[in-house]
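**Student:** Assemble the whole structure, with the sequences as input and the hints as a guide.
Protein chains in written order, with my numbering: chain A, 4 to 209; chain B, 4 to 209.
Among the hints, a few may not be true.
Repeated chains share a single entry, so a pair holds when one copy, or any two copies, can fit it.
[Unchecked claim] Within a straight-line C-alpha distance of at most 30 angstroms, the following computed DSSO-like cross-link-like pairs (lysine-lysine) qualify:
| # | residue 1 | residue 2 |
| --- | --- | --- |
| 1 | Lys-107 | Lys-51 |
| 2 | Lys-189 | Lys-203 |
| 3 | Lys-49 | Lys-107 |
| 4 | Lys-107 | Lys-203 |
| 5 | Lys-203 | Lys-180 |
Keep in mind that the hints were calculated from the coordinates and are not lab data.
2 protein chains.
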Amino acid sequence: MSVRILLCDDHVVVRAGLLALLGSTPDIEVVGEAGSGEEAVAMAAKLKPDVVLMDLQLGPGIDGVEATRQIAPTGVHVLVLTTYDTDADITRAIEAGATGYLLKAERPEELFAAIHSAAQGRTALSPPVASRVMDRMRGAAGPSLTDRERDILGQLGRGLGNREIARALFISEATVKTHLGRIYAKLGVDTRTGAVAVAKERRLLP
Amino acid sequence: MSVRILLCDDHVVVRAGLLALLGSTPDIEVVGEAGSGEEAVAMAAKLKPDVVLMDLQLGPGIDGVEATRQIAPTGVHVLVLTTYDTDADITRAIEAGATGYLLKAERPEELFAAIHSAAQGRTALSPPVASRVMDRMRGAAGPSLTDRERDILGQLGRGLGNREIARALFISEATVKTHLGRIYAKLGVDTRTGAVAVAKERRLLP
DNA sequence: GTCCGGGTCAGCCGATCGGCTGATGCCGGG
DNA sequence: CCCGGCATCAGCCGATCGGCTGACCCGGAC
Numbered sequence: 004m005s006v007r008i009l010l011c012d013d014h015v016v017v018r019a020g021l022l023a024l025l026g027s028t029p030d031i032e033v034v035g036e037a038g039s040g041e042e043a044v045a046m047a048a049k050l051k052p053d054v055v056l057m058d059l060q061l062g063p064g065i066d067g068v069e070a071t072r073q074i075a076p077t078g079v080h081v082l083v084l085t086t087y088d089t090d091a092d093i094t095r096a097i098e099a100g101a102t103g104y105l106l107k108a109e110r111p112e113e114l115f116a117a118i119h120s121a122a123q124g125r126t127a128l129s130p131p132v133a134s135r136v137m138d139r140m141r142g143a144a145g146p147s148l149t150d151r152e153r154d155i156l157g158q159l160g161r162g163l164g165n166r167e168i169a170r171a172l173f174i175s176e177a178t179v180k181t182h183l184g185r186i187y188a189k190l191g192v193d194t195r196t197g198a199v200a201v202a203k204e205r206r207l208l209p
Numbered sequence: 004m005s006v007r008i009l010l011c012d013d014h015v016v017v018r019a020g021l022l023a024l025l026g027s028t029p030d031i032e033v034v035g036e037a038g039s040g041e042e043a044v045a046m047a048a049k050l051k052p053d054v055v056l057m058d059l060q061l062g063p064g065i066d067g068v069e070a071t072r073q074i075a076p077t078g079v080h081v082l083v084l085t086t087y088d089t090d091a092d093i094t095r096a097i098e099a100g101a102t103g104y105l106l107k108a109e110r111p112e113e114l115f116a117a118i119h120s121a122a123q124g125r126t127a128l129s130p131p132v133a134s135r136v137m138d139r140m141r142g143a144a145g146p147s148l149t150d151r152e153r154d155i156l157g158q159l160g161r162g163l164g165n166r167e168i169a170r171a172l173f174i175s176e177a178t179v180k181t182h183l184g185r186i187y188a189k190l191g192v193d194t195r196t197g198a199v200a201v202a203k204e205r206r207l208l209p
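**Tutor:** Have a look at this one:
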């Protein structure tokens, strides 16, 4: 019996590509296409597919992570299929309940295998993604920033000064400095510019 | 008579999507697919298609801009089809000789129209891209950094302080500060972190 | 109940940064 | 030949940053 799939991607080209690839395989059946997160949530509830193929970047409206957060609890497996293998994206998707994380650059056979894995609730990760996750596990004392520290880092990445960051986050400048100090320590730097550089390198910033 | 197309994209899914979309139209014929820049250059020379549909991000090897730079002079029209509409990408692609610049989020009809335009050598731009180009024209004084300023910016993007930048480039700290001041002025910021942020946004940094 | 991690804040001080003014040398176009 | 753009450097000064020390509150773990 074939696996029933719901596609979710805002790019027509990508949906067409997946449809073409998956439609040609006998044991996979595409039962629906969604062009936005809202649409995906609604169609997942109605169609109850075995697997939702979810892009993370969905243009306006809720993004793929939020859509995954809403779909996953309903028992429908979500397989993230996206272009980027950034730490932030991967962890957010996994936290949101994604069953797997594939890259669009992946070979079709990998995609088919991952879909069947996901249909059975088994995790499927692209090799580069798996590597990153392993690195994350190994580097136990790795860059484990708190939520608030990530907020600060995000503002920092926009080039704001301490005062501006403080106003943006509704806290005092002193608090910003405290957080920055801890961020520097965790990233192994001692300047804000260095923090941005490292964060950029480790893909902690958009 | 139909337009002969060569696809170039490192993503199998995207190639399949374009193949599916274009294959269903009678006046467009896909004569080849390339998964890398090198492949695209070779196939363009051999197949002499009317239009090359070129992605800019191509994974390892030469990128879409470089491939375009090599293909365009041979008289083959290159229509860039990519995900991003950043200033730097657009200008680099156009400088490299691209005939048009489309976004993957574009409607299929736009894509068809753009292909026919490109086949005749006419420029085709996605609306958001066209807007940016117009903005650029209006604000004639674009961010034209000198080579040396780009050097400084590069070091800055690594998180170095003025003294370190000075040592890295074998100049005095005073000179670094002078260059930084001019960079700030050209980028419209007033802090080093802001410069990194803007440079990152405009893709002036690796 | 106590301990601890996370978030919040304050004050102090040395180092760094950014703006300013001004100067030199090189090179290429008018 | 002179002018302008580019790169180089110096000194001054106010603003900002980064490190430090110490503090409070809260919620969950033990």
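**Student:** Hint by hint, note whether the structure agrees.
**Tutor:** Hints versus structure:
1. Lys-107 <-> Lys-51: Classified as both: same-chain Cα gap 24 angstroms, cross-chain 28 angstroms, threshold 30 angstroms.
2. Lys-189 <-> Lys-203: Both: 14 angstroms inside a copy, 23 angstroms across copies.
3. Lys-49 <-> Lys-107: both (27 angstroms within a copy, 28 angstroms between copies)
4. Lys-107 <-> Lys-203: Classified as both: same-chain Cα gap 22 angstroms, cross-chain 24 angstroms, threshold 30 angstroms.
5. Lys-203 <-> Lys-180: Result: close both inside a copy and across copies, 20 angstroms intra and 24 angstroms inter.
No hint from the list above goes unmet by this structure.
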